[in-house]
Amino acid sequence: MQLGFIGFGAMGRPMAEHLLRAGHSLAVWSRRPESAAALLALGATWCATPADVAGRAEVVCTNVTGSADVEDLAFGSQGLAQGFAQAGLHVDFSTIAPSAARHLTARYAAQGVDFVDAPVSGGSGGARNASLAIMWGGKSALATRLQPIFSVLGKTIVHAGDAGAGQVVKACNQMVMVAAIEAAAEAARLARASGVDFARVRTAMLGGSAGSRVLDVFGGRMVQQNYAPGVEARLHQKDYALLMDEATRLGVPLPVSAAVGQQLNALMSQGWARHDTSALLRVLAAGAEADPQG
Amino acid sequence: MNVGFIGLGLMGRPMALHLEKAGHSLHLWARRPESLAPFAAVNAKTHASPAEVAKHAEVVIVMVADAPDVERVCLGEDGLAAGGKPGLVVVDMSTINPNAARTIGQRLAEKGIEFVDAPVSGGETGAINAALTVMVGGKPAAFEKVKPLLEKMGKSVTLIGDSGAGQVAKACNQILTGVGVLAVAEAFNFAAKSGVDPGKVREALLGGFAYSKILENHGQRMLDRNFKPGFKAWMHQKDLRIVMEEAHRLGLMLPSAAATAQIFNAIVGSGMGENDSIAALKLLEKMSTPE
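These protein sequence lines are chains A and B, in that order. All residue numbers in the first sequence are consecutive under our numbering, ending with 1575. All residue numbers in the second sequence are consecutive under our numbering, ending with 294.
Treat the hints with care, as some may be off.
[Stated by the list, open to error] Within a straight-line C-alpha distance of at most 25 Å, the following computed SDA-like cross-link-like pairs (lysine to any residue) qualify:
id : chain 1 : residue 1 : chain 2 : residue 2
1  : B       : Lys285    : A       : Pro1536
2  : B       : Lys88     : B       : Lys148
3  : A       : Lys1519   : B       : Pro71
4  : B       : Lys241    : A       : Arg1294
5  : B       : Lys114    : B       : Ser159
6  : B       : Lys241    : A       : Arg1302
7  : B       : Lys216    : B       : Lys88
8  : A       : Lys1519   : B       : Lys88
9  : B       : Lys289    : A       : Val1537
Honestly, the hints are just simulated from the structure, not real lab data. Treat the numbers as computed from the prediction; the structure is a model and nothing was measured.
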């Protein structure tokens, strides 16, 4: 299939490579052209603007940071919307506000272009191993067009519902996952403070009812005190702003998520934005240090 | 003085009338013309746009709902910036995000217009009785110019610091009042569920270190089960949203405010947003009573 791809970060680059290797043609553009070099070497075609990418592709995939980045790519000057032919399709893998996804869908619809919000879970490891979970929102009739793309990138593909539904699933995913990271960190803190080796605690728990992938992966990083990302904590902090904003808009109380969001804020003020989110353990350790003034 | 006033709602109307009573000439604009009716018989001139108001006034006071409204009035088409001469002072008494206040201030400064953030505490009663607490951020010279006006609307007028500092003080105020109302509601619900009269608890506590105006006033209204606003729960929810947005921007943990904000989400989500903030008590009762 003739595809476009924009956004070559830790997630986007391996995803684009999988699409090329699966035999799709890829038109690419990047604000920093050097980030696309590896893909050009694999046979991707460079375009001068996002509009050019859309003009050459049946489907354009994007993977950037926030709602504003996606909106700018789509409807900024020389944006995708200017290049799309009728029945064009924009698939966005970024994590953005559900309301932003709905808004983009409505704006594209006015020119006969479809939009799909398809955030992913699984981190850069999942992107490299093509084992991502993909949760998408949009018209169900688009499933057959999306299948040859999604099947190359991920293992679990779920159509969550209409526009924005993929982002709602992603918000739920982030709540459950980061709350579990915080719980693992608190367990590690309690074990250490009690003089018990958390490595053994983790091994024991993995065999019981508290076993989880988070305890395995993030708990493992806590055992090794290895805070190289995985997922940079600043991205989780960004996601928490989105989901707490939705909670306020909907009038839904999320007491645990609110508390976890504050631990992420504390992590940011310690200067660990680019650490892995398992650094939530360091936040607890910092809070337990003796008062430097007394 | 020729004073512009934009935002003639529950708070703005009595505030503007205090200024008129003190002898100032009002210049008004309103999105909904019916808001202008109470000013038909007083010394007030109605204009077609905020820009026109700015042309006729030395100081313009803004009292609207949230940051996008302030932005529209100040910087939108036919906004204050389009009509204001250099030297005009715009006083925004709405409660908005401190960072938004700083940005609006900078953009007005490009036109030579001074911007002062001056949010208030004290609610509708405070506005009617000219007893508001006014927290001001801005340059000292601009503050001195508008201080006599603010003193006609408030009892306590304090320059807190630079642009945005007034909104920071207001955010602090909302942390204390939000957490405070919830604390009193929790204590009363705890007492009642323990079979103890919350009224007696309140009376005893007023004499000790737990004394606060919230325990005294909001506490009494909880005992009277008088949920009429006062200060509406949805507005407190909005103000806590501002607080939590700033905490996120600064990377700052505010654990109690975060927990409190969730209770306000539940109050609004369960249809009690138009109640006073003390509806926190009703919510806690609902959540601690079997179906």
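Checked hints:
1. B:Lys285 x A:Pro1536: holds, 18 Å
2. B:Lys88 x B:Lys148: Given that 25 Å is the threshold and the Cα spacing comes to 16 Å, the pair holds.
3. A:Lys1519 x B:Pro71: holds, 22 Å
4. B:Lys241 x A:Arg1294: violated, 40 Å
5. B:Lys114 x B:Ser159: violated, 31 Å
6. B:Lys241 x A:Arg1302: violated, 50 Å
7. B:Lys216 x B:Lys88: Violated - the C-alpha atoms of B:Lys88 and B:Lys216 are around 43 Å apart, more than 25 Å.
8. A:Lys1519 x B:Lys88: Roughly 41 Å separates the two Cα atoms, so the pair is violated.
9. B:Lys289 x A:Val1537: Holds, at roughly 19 Å.
Violated hints, in rising order: 4, 5, 6, 7 and 8; the structure is consistent with all others.
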